[in-house]
Amino acid sequence: MSDSLQRLAENVRAFIEKRDWAKYHNPKDIAIALSIEASELLEIFQWRKAEREISDEDLQKIRLETADVVIFALSMANACRFDLEKAVLEKISINEGKYPVSKSKGLFD
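Going by numbering that gives the first Met the number 0, the sequence shown wraps up at 108, each residue one higher than the last.
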């Protein structure tokens, strides 16, 4: 794992440990929390036109909700003891096979 991602994972782990929350951070509950945080991010865009400009206030909300999603993704990696960076790179590789540029580029234009 890269140094910066490792530091983030350690910061998340330390935050949880200092509050004695590890008992609540099992994979099931983390998955639920991750889904809730992703829904909170989605809520920012509910009922708005896609081409609408993002205000500074909305950008702040987007930043913080995206951070919550990443925090819970790191929590899942910590709880299940896997390297999130390696998982992301593996998934990109799988997606490259499933969606080659020759069959994907310009598909939705």
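These are computed hints drawn from the structure, not numbers from a lab. Here the structure is a predicted model, which means the values were calculated and not measured. The beta-carbon is built from N, C-alpha and C at its ideal position, and this holds for glycine as well. Please note that the accuracy of each hint is not assured.
Unchecked claim - Below are the BS3-like pairs computed for lysine-lysine, each with C-alpha atoms no more than 25 angstroms apart in a straight line: (1) LYS90 x LYS27; (2) LYS85 x LYS97; (3) LYS97 x LYS27; (4) LYS60 x LYS48.
Claimed, not checked - So the derived label-pair ranges between C-beta atoms look like this: (5) LEU88 x ALA49: 42 to 50 angstroms; (6) LEU88 x ILE31: 21 to 29 angstroms; (7) LYS48 x ARG6: 35 to 43 angstroms; (8) GLU52 x GLU16: 21 to 29 angstroms; (9) ALA21 x MET0: 33 to 41 angstroms; (10) PHE107 x ARG6: 34 to 42 angstroms; (11) LYS97 x ARG62: 47 to 55 angstroms; (12) CYS79 x SER1: 29 to 37 angstroms; (13) LYS104 x ALA49: 17 to 25 angstroms; (14) GLU52 x TYR23: 22 to 30 angstroms; (15) LYS17 x PHE81: 16 to 24 angstroms.
Each hint tested on the structure:
1. LYS90 x LYS27: holds, 21 angstroms
2. LYS85 x LYS97: holds, 18 angstroms
3. LYS97 x LYS27: Given that 25 angstroms is the threshold and the Cα spacing comes to 28 angstroms, the pair is violated.
4. LYS60 x LYS48: Judged against 25 angstroms, a Cα distance of about 17 angstroms means the pair holds.
5. LEU88 x ALA49: 42 to 50 angstroms: Given range 42 to 50 angstroms: violated, Cβ gap about 30 angstroms.
6. LEU88 x ILE31: 21 to 29 angstroms: holds, 26 angstroms
7. LYS48 x ARG6: 35 to 43 angstroms: Since the Cβ atoms of LYS48 and ARG6 sit about 38 angstroms apart, the hinted range of 35 to 43 angstroms holds.
8. GLU52 x GLU16: 21 to 29 angstroms: 41 angstroms Cβ-Cβ, so the 21 to 29 angstroms window is violated.
9. ALA21 x MET0: 33 to 41 angstroms: violated, 20 angstroms
10. PHE107 x ARG6: 34 to 42 angstroms: holds, 37 angstroms
11. LYS97 x ARG62: 47 to 55 angstroms: violated, 30 angstroms
12. CYS79 x SER1: 29 to 37 angstroms: With a Cβ separation near 19 angstroms, CYS79 and SER1 fall outside 29 to 37 angstroms, so the hint is violated.
13. LYS104 x ALA49: 17 to 25 angstroms: Once the Cβ atoms are compared, 21 angstroms apart, the range 17 to 25 angstroms for ALA49 and LYS104 holds.
14. GLU52 x TYR23: 22 to 30 angstroms: violated, 39 angstroms
15. LYS17 x PHE81: 16 to 24 angstroms: The hint (16 to 24 angstroms, Cβ to Cβ) holds, given that LYS17 and PHE81 are roughly 23 angstroms apart.
Of the numbered hints listed earlier, those contradicted by the structure are 3, 5, 8, 9, 11, 12 and 14.
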